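2 protein chains.
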Amino acid sequence: MIRRPWRRPPAAGSDPDDRAAAADDPEAVRTVAQDRLAEALRQWRAAFGAAHVHDAAAALDRYARTTLPHGNRALAVVRPGGLDDVVAAVRIANACGVPLYPISRGRNWGYGDACPPTPGQVILDLGRMDRILEVNEELAYAVIEPGVSQGRLAGHLRDIGAALWLDCTGAGPDASVVGNILERGFGHTPYGNRVQFVSGLEVVLGDGRVLRTGFGHYDCATAERVYPYGPGPILDGLFTQSNMGIVTKVGVWLLPAPEAFTQFICLVHDGEDLGPVVDAVRRLRLQGAVHSVVHIGNDMRLISSSRTYPLDRAGGAVPLPAALREALRRELGVGAWLVSGGLYGSRGQVAAARGLVKAALKGPRRKLIFLSPERLDRAARLARLARPARLAGALTARLGRARDLVSLHCGVPTGQFLSGAYWRRRGGLPDGFPAEADPAQDGCGLLWLAPVLPQTGESVRDLLGIVEPIYAAHRFDLLMTLATINERALDAVLTIAFDRDDPAETDRADACYRTLFEAVCAAGYVPYRVGAQSMADITARGSPVHRDVVAAIKRTLDPGGVVAPGRYDPAAFRSDHPASGAAP
Amino acid sequence: MIRRPWRRPPAAGSDPDDRAAAADDPEAVRTVAQDRLAEALRQWRAAFGAAHVHDAAAALDRYARTTLPHGNRALAVVRPGGLDDVVAAVRIANACGVPLYPISRGRNWGYGDACPPTPGQVILDLGRMDRILEVNEELAYAVIEPGVSQGRLAGHLRDIGAALWLDCTGAGPDASVVGNILERGFGHTPYGNRVQFVSGLEVVLGDGRVLRTGFGHYDCATAERVYPYGPGPILDGLFTQSNMGIVTKVGVWLLPAPEAFTQFICLVHDGEDLGPVVDAVRRLRLQGAVHSVVHIGNDMRLISSSRTYPLDRAGGAVPLPAALREALRRELGVGAWLVSGGLYGSRGQVAAARGLVKAALKGPRRKLIFLSPERLDRAARLARLARPARLAGALTARLGRARDLVSLHCGVPTGQFLSGAYWRRRGGLPDGFPAEADPAQDGCGLLWLAPVLPQTGESVRDLLGIVEPIYAAHRFDLLMTLATINERALDAVLTIAFDRDDPAETDRADACYRTLFEAVCAAGYVPYRVGAQSMADITARGSPVHRDVVAAIKRTLDPGGVVAPGRYDPAAFRSDHPASGAAP
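Here the protein sequences line up with chains X and P, keeping their order.
288 is the number of the first residue of the first sequence in my numbering; add one for each residue after it.
288 is the number of the first residue of the second sequence in my numbering; add one for each residue after it.
I should point out that these hints are in silico values taken from the structure, not numbers from a laboratory.
If you're wondering where the values come from, they're calculated on a predicted model, not measured in any experiment.
For each residue, glycine too, the CB sits at the ideal point set by N, CA and C.
Wrong hints could be hidden among the right ones.
With the C-beta cut set under 8 Å, the calculated list includes, among others, these residues of chain P facing chain X [what the hints assert, rightly or not]:
{"id": "1", "residue": "GLU425"}
{"id": "2", "residue": "PRO477"}
{"id": "3", "residue": "ARG499"}
{"id": "4", "residue": "LEU525"}
{"id": "5", "residue": "MET531"}
{"id": "6", "residue": "PRO545"}
{"id": "7", "residue": "ALA547"}
{"id": "8", "residue": "GLY575"}
{"id": "9", "residue": "TYR631"}
{"id": "10", "residue": "THR683"}
{"id": "11", "residue": "ARG685"}
{"id": "12", "residue": "GLY687"}
{"id": "13", "residue": "TYR815"}
{"id": "14", "residue": "ASP824"}
{"id": "15", "residue": "ILE825"}
{"id": "16", "residue": "LEU844"}
Among the chain X residues that face chain P by a calculated CB cut under 10 Å, a handful are [what the hints assert, rightly or not]:
{"id": "17", "residue": "CYS507"}
{"id": "18", "residue": "SER633"}
{"id": "19", "residue": "GLN636"}
{"id": "20", "residue": "LEU682"}
{"id": "21", "residue": "VAL813"}
{"id": "22", "residue": "ILE840"}
Take a look, some chain X residues computed to stay more than 12 Å from chain P by CB distance [as the list claims (entries may be wrong)]:
{"id": "23", "residue": "GLU326"}
{"id": "24", "residue": "GLN330"}
{"id": "25", "residue": "ASP342"}
{"id": "26", "residue": "LEU347"}
{"id": "27", "residue": "ARG378"}
{"id": "28", "residue": "ARG445"}
{"id": "29", "residue": "GLY532"}
{"id": "30", "residue": "ASP566"}
{"id": "31", "residue": "ARG634"}
{"id": "32", "residue": "THR683"}
{"id": "33", "residue": "GLU745"}
{"id": "34", "residue": "PRO756"}
{"id": "35", "residue": "ARG834"}
I would like the entire structure built from these sequences, with the hints used as guidance.
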């Protein structure tokens with residue numbers, strides 16, 4: 288049996304080795320401290336209306352749906368309508384000793400969705416707080432609440448005619464902008480390292496105090512949204528990947544729409560060519576030829592982008608047989624890897640950058656393509672004229688995919704790039720895909736693991752040497768993307784897509800993830816972010832000093848331990864933590 | 288009498304209204320807890336050698352020299368040689384109850400130099416810790432200790448032939464790289480917002496524990512120097528502009544030397560033209576035409592760049608009479624403002640950017656100049672041939688100034704731009720200037736105030752409307768620079784240069800600073816950084832929640848309150864603080 292790298296929380300009423308207990312049996316987590324929970328629910332309903340407090344099984348089931356092998360079901364769901372509601376919710380949580388798990392919109396795909404990291408928490412769903420409070424076109428920023436989705440903000444910018452683009456992730460139009468930023472997610476544009484393009488947080492601390500960071504805590508400071516640091520220590524980082532407080536408002540910087548945009552795509556035929564390509568991309572990033580996040584996806588990311596697993600053609604075998612993988616590559620006209628990035632600027636700047644990209648990435652077994660919105664429009668007109676009609680359809684579909692990619696780089700979110708989550712889903716892509724893509728509700732099995740590595744071909748080869756045998760041993764297809772989150776580091780996103788309706792495959796996915804997690808950490812490729820299931824382990828692997836410092840700061844900001852116990856915080860997994868076993 | 292906006296610390300043995308007590312009378316701060324200090328000195332000497340522990344008056348005098356109207360003299364100076372020494376120093380400080388004020392190299396010009404914000408502290412001078420531990424040319428970073436000066440790091444990069452440039456500030460070759468970063472200072476290149484170009488801190492906490500931030504606290508994490516955030520909350524910001532710990536090691540990102548570099552300079556003739564120029568610069572920055580920090584200096588910055596106050600020509604009057612100011616402008620061939628920035632990239636990129644700068648900044652009463660190192664070389668050859676020899680000398684001097692500016696943008700630090708500090712110095716610029724520029728040792732009077740404002744012409748006009756009358760009322764010349772620290776904010780650096788040998792002028796400078804401080808804060812232009820004299824006031828002006836949060840975190844990291852009490856921390860100014868009156 289494979290060693291479990293993470294320790295389960297000592298949750299009363301649930302057997303730590305029986306994952307069904309927490310996820311599937313609501314009664315198991317309701318047996319303890321029912322009275323305290325009941326009192327909290329009564330007070331929350333009195334404070335901001337019964338319509339926004341849910342503890343019916345159907346609602347809890349919906350929130351508990353996850354792409355992970357297992358997730359923790361919440362005790363209840365509370366949906367505040369504004370800052371005052373959040374403060375009231377926190378005060379009540381403290382009075383009753385019931386922990387709150389804040390979610391922005393709960394679309395934390397592949398990392399736990401809306402599920403708390405431990406049982407016995409009440410979800411604080413900030414989805415109703417979806418106001419766009421300000422858009423400043425001159426200084427290129429917006430001030431938004433956590434319930435604002437990327438689709439809504441992008442749509443609003445379009446509606447008001449603002450020449451500003453939102454950096455979007457591939458998580459789909461419905462994902463929260465704030466939620467992703469707080470998880471330090473990354474997008475595709477020059478503003479892709481999103482946490483660096485934020486100015487001023489409003490945070491409700493665990494004891495109900497409201498903190499404004501940066502210049503925001505000075506009366507009338509004019510620079511709150513344009514310069515992220517006020518005088519004195521910078522506190523903002525404490526509220527990302529943490530449980531130090533509940534972020535209720537964020538200033539988000541927006542990219543001024545450039546005069547010109549060109550997408551570059553480089554198809555890399557041979558897998559052995561990846562190292563030199565990574566080194567070339569690093570040089571492009573370091574020299575400032577390319578300012579955007581460059582994504583380098585493998586063939587499986589491309590194959591899975593338009594279809595689910597071809598079980599028939601594979602003769603029932605998993606993972607994809609090598610010959611079939613090769614055949615699908617050929618059918619799609621792709622190679623082993625695909626490099627993709629955006630060039631932004633004036634026409635002259637984009638032309639200059641294009642020349643640099645060409646010089647760096649062209650090669651005998653590579654194909655370099657430049658796409659602009661204008662060029663796509665021309666191609667679409669030609670495709671419609673193509674004969675026979677079948678060819679026209681195929682061309683149009685392929686152009687649609689290219690247009691999705693270009694649009695994503697120009698501030699228009701799409702669910703298209705969630706397709707990898709559906710790879711092993713029975714019944715194929717659902718009807719609503721990609722417009723209504725929701726991997727958790729659609730029953731997908733998805734685990735993401737995102738180790739960070741130096742941006743060198745050598746590191747990439749080393750990482751591949753570690754992960755490929757593990758995927759093979761567990762019989763999963765390796766879907767992998769490498770993203771240049773900055774000029775020096777790569778974030779590898781390793782996808783384990785599995786059939787969640789198959790208990791044996793789900794167990795294999797679980798084991799595969801845990802083995803991968805151990806292996807990449809042991810090799811020094813520590814993830815930049817983890818899912819709900821790895822919170823205890825990732826913190827346990829750090830130094831005791833770091834752990835103690837984080838725990839001590841947590842105690843000062845949330846003495847009752849009511850905010851998201853267990854989220855990037857090992858304290859909740861100790862028996863002496865105030866929230867441990869509080870409710871349950 | 289002008290109201291004193293800052294509260295003085297209740298220091299035992301010094302009358303808060305008599306600034307001479309702390310600065311000039313060593314006995315006054317030595318009367319209390321002399322036994323505890325003596326014990327600490329004994330233990331420090333035993334721990335790392337008597338040669339590195341100083342309490343002789345001459346040494347303390349030297350460290351107490353400051354460009355401010357008054358500074359706090361330290362009780363002693365301790366000079367650790369490495370991490371273990373720092374840990375030992377902190378443990379002894381705790382055991383004896385003697386606070387330590389860490390300095391990197393003590394060149395915090397205009398903000399207090401090496402002086403602690405309160406009396407009764409022992410300076411922990413990290414200047415001996417000057418190792419360059421690593422230079423990674425592939426990933427473009429260095430790992431350095433706080434004692435490394437910008438001159439030394441730049442020289443080392445040149446010596447090893449690394450094609451990497453250090454972002455330099457105008458503080459001169461002798462200033463610490465780490466010290467400036469921790470104060471969130473800014474330079475001139477695309478890496479000018481220096482605190483964003485750092486990865487991984489090593490910090491000795493107030494109780495002697497050693498914390499490594501980011502990925503650094505994971506064993507063997509490969510991304511420590513390339514990605515600044517490990518999983519979990521970001522702690523780095525806590526150790527900038529704070530007294531939470533003593534930073535002993537930093538990973539600093541370096542700019543890969545570009546294929547091409549061009550300096551642009553725009554002379555703006557009319558003061559009323561500044562607003563449109565600021566708006567144009569903002570658009571250049573926001574659209575990514577210019578990636579570097581753009582500095583916009585007024586005529587007084589230029590006039591003071593090559594000479595001290597022309598007392599004779601002014602007929603003994605201060606400030607500079609309008610007619611003389613106009614005459615000096617004409618002699619130097621400058622206008623009301625000078626805009627200066629760097630274009631970095633490939634030849635094609637720089638050419639494209641140059642076109643954008645030209646389109647944005649050219650105008651009827653402006654003069655736009657582009658300088659490249661190659662063009663300067665050609666001009667220097669021509670200047671040497673000029674006749675008469677006097678003309679050749681003048682041309683060469685002017686070219687030298689231009690070369691300093693270009694060099695600074697290309698990673699070569701110079702003390703030349705400290706000249707403003709010497710403006711009112713009697714006896715003119717000293718012989719060693721600029722190579723050995725040291726405004727504190729050279730007896731300059733200098734106060735810097737650095738309010739942040741939105742990057743708009745309107746904000747700049749508003750700020751000028753506030754500060755100009757205050758300078759006039761206090762009879763000082765307004766030396767002013769506006770720097771585009773990012774794409775949306777401007778950092779105004781207001782210089783009060785005064786004759787420190789003139790007690791009346793020193794008092795006027797003090798009053799002018801305090802009036803300015805009040806006025807800019809009241810108008811919402813809060814400084815990004817303050818001098819030792821404003822620590823209590825800047826924190827007192829923030830919200831109580833922010834203040835309490837900072838104080839609570841401080842208590843968890845430094846329970847004995849031994850690290851730099853009073854540095855961006857109002858707790859030290861309260862009577863219940865452990866370090867308050869501890870030693871003295």
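Each hint tested on the structure:
1. GLU425: At about 7 Å, which falls below the 8 Å cut-off, the nearest Cβ of chain X leaves the hint on GLU425/P intact, so it holds.
2. PRO477: holds (7 Å)
3. ARG499: Where the cut-off is 8 Å and the nearest Cβ of chain X is about 7 Å from ARG499/P, the hint holds.
4. LEU525: Given a least distance of 5 Å, the restraint on LEU525/P holds.
5. MET531: holds (6 Å)
6. PRO545: Holds: closest Cβ of chain X sits about 7 Å from PRO545/P, inside 8 Å.
7. ALA547: violated (11 Å)
8. GLY575: Holds: closest Cβ of chain X sits about 6 Å from GLY575/P, inside 8 Å.
9. TYR631: holds (7 Å)
10. THR683: Hint violated; THR683/P Cβ to chain X Cβ min 33 Å, cut 8 Å.
11. ARG685: violated (31 Å)
12. GLY687: Hint violated; GLY687/P Cβ to chain X Cβ min 29 Å, cut 8 Å.
13. TYR815: It holds, given that the least Cβ distance between TYR815/P and chain X is near 6 Å, below 8 Å.
14. ASP824: violated (10 Å)
15. ILE825: ILE825/P check passes; min Cβ-Cβ to chain X is 5 Å, inside 8 Å.
16. LEU844: Holds. Min distance 7 Å.
17. CYS507: holds (4 Å)
18. SER633: holds (6 Å)
19. GLN636: Given a least distance of 5 Å, the restraint on GLN636/X holds.
20. LEU682: Not OK, violated: LEU682/X not within 10 Å of chain P, min 34 Å.
21. VAL813: Hint on VAL813/X: holds, closest Cβ of chain P at ~5 Å, below 10 Å.
22. ILE840: Where the cut-off is 10 Å and the nearest Cβ of chain P is about 6 Å from ILE840/X, the hint holds.
23. GLU326: holds (28 Å)
24. GLN330: About 24 Å separates GLN330/X from the closest Cβ of chain P, which puts it past 12 Å; holds.
25. ASP342: holds (31 Å)
26. LEU347: holds (28 Å)
27. ARG378: The claim holds: ARG378/X sits with its nearest Cβ about 15 Å from chain P, beyond 12 Å.
28. ARG445: holds (19 Å)
29. GLY532: violated (10 Å)
30. ASP566: About 8 Å separates ASP566/X from the closest Cβ of chain P, which leaves it inside 12 Å; violated.
31. ARG634: violated (8 Å)
32. THR683: holds (34 Å)
33. GLU745: violated (9 Å)
34. PRO756: Given that every Cβ of chain P is farther than 12 Å from that of PRO756/X, nearest at about 19 Å, it holds.
35. ARG834: violated (8 Å)
The structure shown violates the earlier hints numbered 7, 10, 11, 12, 14, 20, 29, 30, 31, 33 and 35.
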